[in-house]
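Protein chains in written order, with the numbering used here: chain Y, 2 to 494; chain B, 330 to 389.
Since the hints were derived computationally from the structure, they do not count as laboratory data. The reader is advised that the hints may include incorrect statements.
To be verified - Using 25 angstroms as the maximum straight-line C-alpha spacing, the simulated DSS-like pairs for lysine-lysine come out as follows:
| id | chain 1 | residue 1 | chain 2 | residue 2 |
| --- | --- | --- | --- | --- |
| 1 | B | LYS386 | Y | LYS19 |
| 2 | Y | LYS319 | B | LYS386 |
| 3 | Y | LYS168 | Y | LYS217 |
| 4 | Y | LYS168 | Y | LYS318 |
| 5 | B | LYS386 | Y | LYS318 |
| 6 | Y | LYS19 | Y | LYS145 |
| 7 | B | LYS386 | Y | LYS303 |
| 8 | Y | LYS303 | Y | LYS319 |
| 9 | Y | LYS46 | Y | LYS461 |
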Amino acid sequence: MAVPKICGIETEYGIVVKGPADFNPILTSSLLINAYATPAFRRVKWDYEEENPLRDARGFDRSGAETLPEEDSGLVNVILPNGARYYVDHAHPEYSSPECSNPRDVVVWDKAGERILEQSMSAAQRIAGEGERVFIYRNNSDGKGNSYGTHENYLVDRATPFPALVKHLIPFFVSRQVFTGAGKVGAENGAEQVDYQISQRADFFEVEVGLETTFKRPIVNTRDEPHADADVYRRLHVIVGDANMCEVPILLKTGTTALLLTMIEDDFITEDYSLRDPVRALRAVSHDPSLRTTIELSDGRKLTALELQWEYLRLAKKYAQDAELHPAMDDVLERWEGVLEGLEDDPMTLAGQLDWVAKLSLLRRYQERDGLSWGDAKMRMIDLQYHDVRRSRSLYWRLADAGQIERLVTDDEIAYAMDHPPTDTRAYFRGECLRRFSDVIVAASWDSLIFDIGEEPLRKVPTLEPTRGTKAHVQGLLDASPDAAALIHNLSA
Amino acid sequence: MADQTRKPKPKQDDTNPQAEEARASETSTEDVDELLDEIDEVLEANAEEFVRSYIQKGGE
Chain Y
2 MAVPKICGIE
12 TEYGIVVKGP
22 ADFNPILTSS
32 LLINAYATPA
42 FRRVKWDYEE
52 ENPLRDARGF
62 DRSGAETLPE
72 EDSGLVNVIL
82 PNGARYYVDH
92 AHPEYSSPEC
102 SNPRDVVVWD
112 KAGERILEQS
122 MSAAQRIAGE
132 GERVFIYRNN
142 SDGKGNSYGT
152 HENYLVDRAT
162 PFPALVKHLI
172 PFFVSRQVFT
182 GAGKVGAENG
192 AEQVDYQISQ
202 RADFFEVEVG
212 LETTFKRPIV
222 NTRDEPHADA
232 DVYRRLHVIV
242 GDANMCEVPI
252 LLKTGTTALL
262 LTMIEDDFIT
272 EDYSLRDPVR
282 ALRAVSHDPS
292 LRTTIELSDG
302 RKLTALELQW
312 EYLRLAKKYA
322 QDAELHPAMD
332 DVLERWEGVL
342 EGLEDDPMTL
352 AGQLDWVAKL
362 SLLRRYQERD
372 GLSWGDAKMR
382 MIDLQYHDVR
392 RSRSLYWRLA
402 DAGQIERLVT
412 DDEIAYAMDH
422 PPTDTRAYFR
432 GECLRRFSDV
442 IVAASWDSLI
452 FDIGEEPLRK
462 VPTLEPTRGT
472 KAHVQGLLDA
482 SPDAAALIHN
492 LSA
Chain B
330 MADQTRKPKP
340 KQDDTNPQAE
350 EARASETSTE
360 DVDELLDEID
370 EVLEANAEEF
380 VRSYIQKGGE
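Isolated chain Y (complex conformation) (with noise of 0.2 angstroms):
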């Protein structure tokens, strides 16, 4: 029986600031994200001791094999009244989402991100020094082979053999950047060069399955952390994503991949999609924006990303006659039929859902108007500006607020999710005790909260069952504690 597909995105904001002198990212970012948490927020430190991002999928523990990523823990990491996570990751400013119920939760509390860095963009504006400008990006690459992540994250059955992930994932991943794509001029990275092509990151995949995520990034990644239960639960850490400013792929990415994992957990799928060589396909669709270009798969059978697409949601489209699957999925069924139909018909009548396709089409207006070769720096320009959090510069959001692109959610619901978490996961619980009793929590991860109610020693909570914690079940224990003393002894009552 597949388990609640509780899930969210981490993403790296590209950060630079143009001034007199040289700029340190990693000041850069701490400045940022404590211009934009309150001291509360601030004080409240991460709890690390769960933590191992060394340990593999596979059943092994690699730790010391990789450079672990330096979370030191002097650099910042503050945790948001909504829940997710706010700190220095190498040399950017991160934002992971709360965990959500759904792909439509994962899209307002995703943006809400974007805007949480608009507004510490401004804010460490309003402090940087004479003549510096600072500037955020919702993007994945720098265009000269530096790349930095768009992670999602998936709750899976521990009882389900890795293989059976691997297996179907691989082609899954490899077919929907057809609509995942963010979109890139040129390729980089060793890759062959093209003009344009549909995802920013494909370049940088050479291996199918590893732990690594900073160089030989695979295709799918093994990394074992489950920040919930080990015995009952795995944390799917899925790398090969791009960051969208769209909504629409937003959505389909998390829906159609919840669905997917939901099918291979039930034992659904008897066909095999196994590709011969999938860092190549991953490539060779990503360099396609006509999506002609076949794939061959193990057994000799060559279709197109669009064709392999088509047999997931016929697939899906089975299983979900029977299955009990959250309301939001009806959405994204019918949304993943449309797009392919789309895709099919002709990529350019997506331009108002799918980036990839959004910043084809206004570069080729641009190209159209102006007579732009693909090598002009002007296009390289519209390509990352595409991606500025600040709404007023943003690309997308020019094309969005002039109503060209089609927006899911509200932007009062992103609002409300910058301070509140959602109400249908543990995020609710960590999002209610910081807004409640910071002063007293010390630390906080995914899976714990730790308070200093006064007296040795310090109460940790445990949080590890990511479906628990939620309005339902704490908010009348929550509001018969006064304070976080009479809430710890609630608990234990």
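Given the coordinates of chain Y, assemble chain B onto it according to the supplied hints.
What follows is chain B alone, placed relative to chain Y:
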């Protein structure tokens, strides 16, 4: 263009669909052109220098 794309399956009604389409396409081309003018105003000047100096440390 975009008006059409938001409705991948436009419903056929009694009105002349071709004329509808032509009108929609005309309006939206004008919109797009106006939009380009608007974008010109916000697009960073010195694209060449800006893009060249946008260098990130790898992340993840």
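Checklist entry - Are the Cα positions of LYS19(Y) and LYS145(Y) separated by 25 angstroms at most? => result holds, 18 angstroms
Checklist entry - When you check the alpha-carbon spacing of LYS168(Y) and LYS318(Y), does it fall within 25 angstroms? => result Judged against 25 angstroms, a Cα distance of about 20 angstroms means the pair holds.
Item to check | Distance restraint between LYS386(B) and LYS303(Y), which requires alpha-carbon spacing of 25 angstroms or less | outcome: With a Cα-Cα distance of about 38 angstroms, the restraint between LYS386(B) and LYS303(Y) is violated, given a limit of 25 angstroms.
Checklist entry - Is the Cα-Cα distance between LYS319(Y) and LYS386(B) 25 angstroms or less? => result The given pair, whose Cα atoms are some 45 angstroms apart, is violated under the 25 angstroms limit.
Checklist entry - Under the criterion that the straight-line Cα-Cα distance not exceed 25 angstroms, is the pair LYS386(B), LYS19(Y) satisfied? => result holds, 16 angstroms
Checklist entry - Taking only the CA atoms, is the gap from LYS46(Y) to LYS461(Y) under or equal to 25 angstroms? => result Distance ~13 angstroms between LYS46(Y) and LYS461(Y) Cα, so the pair holds.
Item to check | Hinted pair LYS386(B) and LYS318(Y), Cα distance within 25 angstroms | outcome: violated, 42 angstroms
Checklist entry - If you draw a straight line from the CA of LYS303(Y) to the CA of LYS319(Y), is it 25 angstroms or shorter? => result holds, 24 angstroms
Next on the checklist: Given the hinted pair LYS168(Y) and LYS217(Y), is their Cα-Cα distance within 25 angstroms?
Outcome noted: holds, 19 angstroms
The structure fails hints 2, 5 and 7 (numbered hints given earlier, in ascending order).
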